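Peer 1: Residue-level listing of the chains:
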Amino acid sequence: MNWDWSAVGDFMPMFWDGLLVTLQALVLGALLAFALGLVWAMAQRSGLAVVRWPVNVITEFVRNTPLLVQLFFLYYVLPEWGLTLSAMVTGVIGLGLHYSTYTAEVYRAGIDGVPAGQWEAATALSLPKSRTWGAVILPQAIRRVVPALGNYVIAMLKDTPMLFVIGVLEMLGEARQFASETFLTVEVFTVVGVAFIVISYPASLLMRALERRLVR
Amino acid sequence: MSADSTPLNTSKETANPAADGSELIRFDKVTKRFGSNTVLDSLDFTVNSGKHVTLIGASGSGKTTILRLLMTLIKPEEGTIKVAGDYLTHEERDGELVPAGDRHVREVRKKIGMVFQQFNLFPNMKVLRNVTEAPVHVLGLSPDEAEERARGLLDLVGLGDRCDAYPSQLSGGQQQRVAIARALAMRPQVLLLDEVTSALDPELVAGVLDVLRDIAHTTDITMLCVTHEMNFARDISDDVLMFDAGHVIESGPPEKIFSEPEHERTREFLSAVL
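Read top to bottom, the protein sequences are chains A and B. According to the working numbering, the residues represented by the first sequence are 198 to 413, in order. According to the working numbering, the residues represented by the second sequence are 2 to 275, in order.
So that you can see chain A by itself, here it is in the shape it has in the complex:
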């Protein structure tokens, strides 16, 4: 087995393209997961069973089926229903939806961790629901769960290669393509592996530092 540094150099232009796509999918997917997860978490606390039940069913279903299956479903089945989305958009929706069911649990834990006295004080002051959530409960809840949310972003990063199966040319996709043309498999897949650890390890250190600062 030979290591060819020039192959690494040749791969770089495609690698950067792939990295950019990976980070785009990650950022957009994470934003979707953060937003949607919050919607699920708040809906699960709704006083209305007609709101709680469907949300419980959806989140349990999505959480308990594999992301890969969901990606295939979104990519191949939605067009049959007349909804054709690009691979990238499908991938972002798939990632975001899948991880929103995890972030929902994280938010739920954060919301449950806010002392009952905070809700009581908000009631005693007659604060409207929007202020109770927006100014009192969520700022306290989210502060505590930032590290946990961050850990899911790192997990998402490691799931982005799955988007390759629906044709998103992220890092792994670019590597596969390059390898199939040049047969230089060792170099390109090593580069991709190193890229993941270079991003995710410092990120996990950052989350641990945040945890020490924010969670008290």
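One thing to keep in mind: the hints can contain errors.
[Stated by the list, open to error] EDC-like mimics (lysine to aspartate or glutamate), calculated; alpha carbons at most 20 Å apart, straight line:
{"#": "1", "chain 1": "B", "residue 1": "Lys127", "chain 2": "A", "residue 2": "Glu317"}
{"#": "2", "chain 1": "B", "residue 1": "Lys30", "chain 2": "B", "residue 2": "Asp245"}
{"#": "3", "chain 1": "B", "residue 1": "Lys30", "chain 2": "B", "residue 2": "Glu92"}
{"#": "4", "chain 1": "B", "residue 1": "Lys52", "chain 2": "B", "residue 2": "Glu196"}
{"#": "5", "chain 1": "A", "residue 1": "Lys326", "chain 2": "B", "residue 2": "Glu108"}
{"#": "6", "chain 1": "B", "residue 1": "Lys52", "chain 2": "B", "residue 2": "Glu24"}
{"#": "7", "chain 1": "B", "residue 1": "Lys76", "chain 2": "B", "residue 2": "Asp29"}
{"#": "8", "chain 1": "B", "residue 1": "Lys111", "chain 2": "A", "residue 2": "Glu317"}
{"#": "9", "chain 1": "A", "residue 1": "Lys326", "chain 2": "B", "residue 2": "Asp103"}
{"#": "10", "chain 1": "B", "residue 1": "Lys127", "chain 2": "B", "residue 2": "Asp162"}
{"#": "11", "chain 1": "B", "residue 1": "Lys111", "chain 2": "B", "residue 2": "Asp87"}
{"#": "12", "chain 1": "B", "residue 1": "Lys52", "chain 2": "B", "residue 2": "Asp239"}
{"#": "13", "chain 1": "B", "residue 1": "Lys111", "chain 2": "B", "residue 2": "Asp221"}
{"#": "14", "chain 1": "B", "residue 1": "Lys257", "chain 2": "B", "residue 2": "Asp240"}
{"#": "15", "chain 1": "B", "residue 1": "Lys76", "chain 2": "A", "residue 2": "Glu317"}
If you are wondering where the hints come from, they were derived from the structure by calculation, not from laboratory data. Remember, predicted model here, so these are calculated numbers, not experimental data.
On the provided structure of chain A, position chain B as indicated by the hints.
Peer 2: The following block gives chain B in isolation, referenced to the frame of chain A:
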């Protein structure tokens, strides 16, 4: 000079004139159960406006439950509660009494303020914003008006210089004084005080009681206190209600209750706490 420059409400400022001695709070056959435990059993009692009423009794006798019912933190199983002539947990629709909607509860509840045992300040907000939050977002005051009101009240409780602190940077006694200012900023007709000194270190109790005594003696706000500070109760109360097993078993001015209680349970309770 605007009416807002005075930090506390007087009868001139409130929409419903307070302190005219008329009936402000009425409990009518109120029953509250927690599971199979009946905490209040068909309770009747009234508080007239401007009065300072202290509820005493052993723990579990239902005193705090009364405050929590008034603050709508819990709902009664049976009976009605009226505040300043309006039903609190019910509303009249087509001549019938039906469970109150959110909006109605919100309106009536604005007449009531509460100070909690555990302060319950919002830890993510600075002291000043703790006090301005509700006046701005509930009463619709402009931020400037609310800030002026809040600064006046924080001066009154001796914390005018801590507006920019976070609650966690204050002592328990200071936090409780902020909580008092926060409740007063809504200009309630009734102030509920739920064992407000119980969570404080002994040396911090006096500061909080001084503030409350000051408010009791200089305003016409109606106060309903649950406290174990019998000296404070004696000092500020017009009436003391002795609770036992969800009933008022004895009531009267503090001189009478504390020095010549009629009921055996009252005598037992007082000898245990005094």
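Peer 1: Decide, hint by hint, whether the structure agrees.
Peer 2: Checked hints:
1. Lys127/B <-> Glu317/A: holds (19 Å)
2. Lys30/B <-> Asp245/B: holds (16 Å)
3. Lys30/B <-> Glu92/B: Judged against 20 Å, a Cα distance of about 17 Å means the pair holds.
4. Lys52/B <-> Glu196/B: holds (18 Å)
5. Lys326/A <-> Glu108/B: Given pair Lys326/A, Glu108/B holds - Cα atoms ~14 Å apart, limit 20 Å.
6. Lys52/B <-> Glu24/B: Measuring from Cα to Cα gives roughly 10 Å; hence the hint holds.
7. Lys76/B <-> Asp29/B: Between Lys76/B and Asp29/B the Cα gap is close to 14 Å, so the pair holds against 20 Å.
8. Lys111/B <-> Glu317/A: With a Cα-Cα distance of about 14 Å, the restraint between Lys111/B and Glu317/A holds, given a limit of 20 Å.
9. Lys326/A <-> Asp103/B: holds (11 Å)
10. Lys127/B <-> Asp162/B: Since the Cα atoms of Lys127/B and Asp162/B sit roughly 12 Å apart, the hinted pair holds (cutoff 20 Å).
11. Lys111/B <-> Asp87/B: holds (12 Å)
12. Lys52/B <-> Asp239/B: holds (6 Å)
13. Lys111/B <-> Asp221/B: holds (17 Å)
14. Lys257/B <-> Asp240/B: holds (10 Å)
15. Lys76/B <-> Glu317/A: holds (13 Å)
Consistency with the previously given hints is maintained throughout, with no hint failing.
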